[in-house]
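Asks: Order-wise, the sequence lines are chains D and V.
In our numbering, each number is its position in the first sequence, counted from 1, plus 29.
In our numbering, each number is its position in the second sequence, counted from 1, plus 1207.
Keep in mind that the hints were calculated from the coordinates and are not lab data.
All values derive from a computational prediction rather than experimental measurement.
It is possible that some hints are incorrect.
[Stated by the list, open to error] Partial list, computed: chain V residues near chain D (C-beta under 8 Å): (1) C1242; (2) K1243; (3) C1259; (4) G1260; (5) V1283; (6) G1298; (7) T1472.
Ideal Cβ placement from N, Cα and C applies to all residues, glycine included.
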Amino acid sequence: MTTRLASGAVGLGDRVILAATIALAIVMVLPMLWAVGLSMKSNAELLVDTNSVLKAPWTLRNYYDILIGSGVFRWLLNSIIVSVGMSLGVLALSSLAGYGFARLEFPGRNVIFVLVLFGLAIPEQAVILVRHQLFSDLNLHNTYAGLMLPGMSAPFGVFLMTQYFKAIPTEVDEAAMLDNASRFKIFWRVLLPMTLPAQATLGIFTFLHAWNDYWWPLVSGTNEQMYTLTVGIASTQMNFAESAGLGYLMAQAVFAGLPILIVYMFFQKYIVRAVSGAAT
Amino acid sequence: MRRLLATLLGCVALASCGVHQAPNEIVVQRFFGTCKAEYGNRTDVENAEGECGIMTTLINEFSAQNPDVKVRVSPVAWPGYNQLAAQLASGDPPDLVTMHLSAISDYQSRKLLEPLGKDLRAAGVDPNGFTAASLASVSKQGEIYGLPIDNWAPLWHINMNYFRQAGLVKDGKPILPRSPEELLAQARQFKQATGKPYFVQALANERAAYSRNLYTLLMQQNVDFFADPQRVQLQSPEVKQVLEMFRQIYVEDLTTKNQDYAAATNGFINGAGGVYLVGTWMIGDFDAESRKLDRPLSSGYAVMPWPQLYGRDATFIDGHAWVMPAKDRTPQQRDAIFRLLKFVADNDFEWSRTGHLPAYQAVIESERFNALPHRSEIAKISSTGAPLPSDVQRQFPVQDIIGEEMAAAITGHKSVDAALADAEHRVNDLLFHLL
């Protein structure tokens, strides 16, 4: 299609698809642009008329209030620590487990693997009470460990890495063994670098999940100093923010989404590959 | 390998980082949002505006007057009960928490709140000074379980310019209905004269408003629909009559439709109808709008309690209180907590500038409260207002269930009889399965 577009030989079907794609893209983008517009209007003006977004004056006051009027930098730091920590943890654990399931022979391997996969079918809400109690007994609430550890049990990650390791020919291991490499060295130096595409996929998905997570940080990190960005920003809302503080509410939404946008811009190639890879 | 181990150890150290409470520190957990940019360092309570501004400056002023106490304020996403439940479950609740009066039963019944009466009196706060409505709301089994700070109620916010046009003003006051029949007649008269619906209501994505209006009109009929706090009685002619009235209002287009809370608020400000059914907290915004020129509410805003349509003048009320979750505390912390509560009680007038009704009879009767815009018109709610019986638990979900079923009946998705049967069944099922 690219060649046909370049040569100017575009059929009617292509034109229809292109027009539909553009229309859909506009439908997708408009609410976001509307939110950005609302975020740059005063709350008092929006209380009277939300269409005032289309005319001046605009203001950055709502963003100023977020930056100066809350603990946003602490929450941002917490979110980064939790998201990065959880991503690294998931990568480490899933890679080790995936390697074990793919390469090592041990009694009950298949049963354990199936048990791990069962985790995919259990929703978080079903276990949150007992997990909360367990973390409470271990004094892990209001700690970074408390915020990160639940996300590190990642059945999807184990499954993905297992399949990826299985796809690597065993001859690679055997060649390394002939060179006297230990099991760990084979894993660390030979096989792990070959799984980088899968690691990128898993890392990005885990990071996005951890960044957007609201439910567990809400009930585990209950001290303001331990709020993540999602919980912290929600805590700054007044009652009835949807009418009395609409501009501020939209500024919060835009602000919370910005880091993800930045991550997307830097890792766009990997994210597209990850999503298309997950779909095939 | 050494680098890897060092990194792992660093991660473990970071992961175990957390926060701890000092012996003279109290943790105050509240909703009402944050406004540090404007009020973060201010202590001039009398100049602060809005819930967040007044609450923030109050606590700042207390901290300034009590340098030996460290107050850590922890704002929570409204209403904060998920977090509180988690904190209680993990044995680490805050020292003071803002709570709706209607939610106190849920926690008190599980012995999660400390009784405050004796210590409040010792600190100089006399619960006999609370309004009758506030006292009833924080009293459970003969004890006081919270320091009330306000009451709020559903009100009639009125566009007097339209009322004048409809001939519904006498001696500068709005003419309000005295029976359901009169309400319908006046609503029709209003629509004929102005071309606008009589009511502006948030009917979409809204459940609480339906229930609050129903509670009010049942209280006016002296219907004890929670005679047993674990069973609601909704299948009665009185309840049916109220729903049929709201259904008629909907069918005849005497109300705005398909608007959520934000749209209805926006609509009332922009002249969408005559009466907006919403709570005390909007008085300040609408009053400010009435002072602008060339606006639908210009010099034409009034606010009234629900008019008396039946035998008794009554309005359903709720409100906010400070409660103290049960946990071990140092004597310094307990002392600091009651000093703060006394300070809050002494400044209840400042809080009433938010639009909420004061929790203290002396403030309600004070000249400065009655000098605030429109407050004298609604002050009587302190005596006519009534909460649900204090033994009724899960009042928030109960309100949601009843509201959902009412919405279905009013918009015609269910018959009134079916909606009432379903509401009764669902509420009773919820209350039967309480732990």
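Asks: Failing hints, ascending?
Replies: 4
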